[in-house]
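Work out the full structure: start from the sequences and follow the hints.
Here the sequence shown is numbered in full-length UniProt numbering, starting from 1 and rising by one per residue.
Just to be clear, a hint being listed does not mean it is correct.
[Said to hold, decoys possible] Computed beta-carbon distance windows for the label pairs:
1. Asp19 with Ser76: 18 to 28 Å
2. Arg84 with Glu30: 14 to 24 Å
3. Val81 with Arg43: 27 to 37 Å
4. Arg44 with Trp70: 19 to 29 Å
5. Ser36 with Leu59: 42 to 52 Å
6. Gly35 with Gly83: 42 to 52 Å
7. Val82 with Gly32: 39 to 49 Å
The set of hints was computed from the structure by calculation and includes no laboratory data. Backbone N, C-alpha and C define an ideal beta-carbon position, used for all residues, glycine too.
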Amino acid sequence: MGYRQLTQIQRYQIHARYDLGISQRQIGRELGLHGSTISRELRRNATSGGYDPEQAQTLSDHRRRTAWKWTKRLPSMIAAVVGRLR
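See below:
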């Protein structure tokens, strides 16, 4: 199974369960995700005001847009490395 980003609906589900005091591991079980996925989501996207699913989605979207694009940079990197090997 490959990597998938959390959906906004999943973020709302995490928020609702977390506010009820359900453990991260149990939230993961209920949503079919690993407990560490829930832990990372809360750690990465919580602010000083707590976990807000809308803000979490905005932060995630921003990180995705500004992520380093391997597919665009990889050919030039390979050429540079191969050029130095010769």
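Checking against the hints above, which ones are violated?
Hint check: 1, 2 and 5 fail, others pass.
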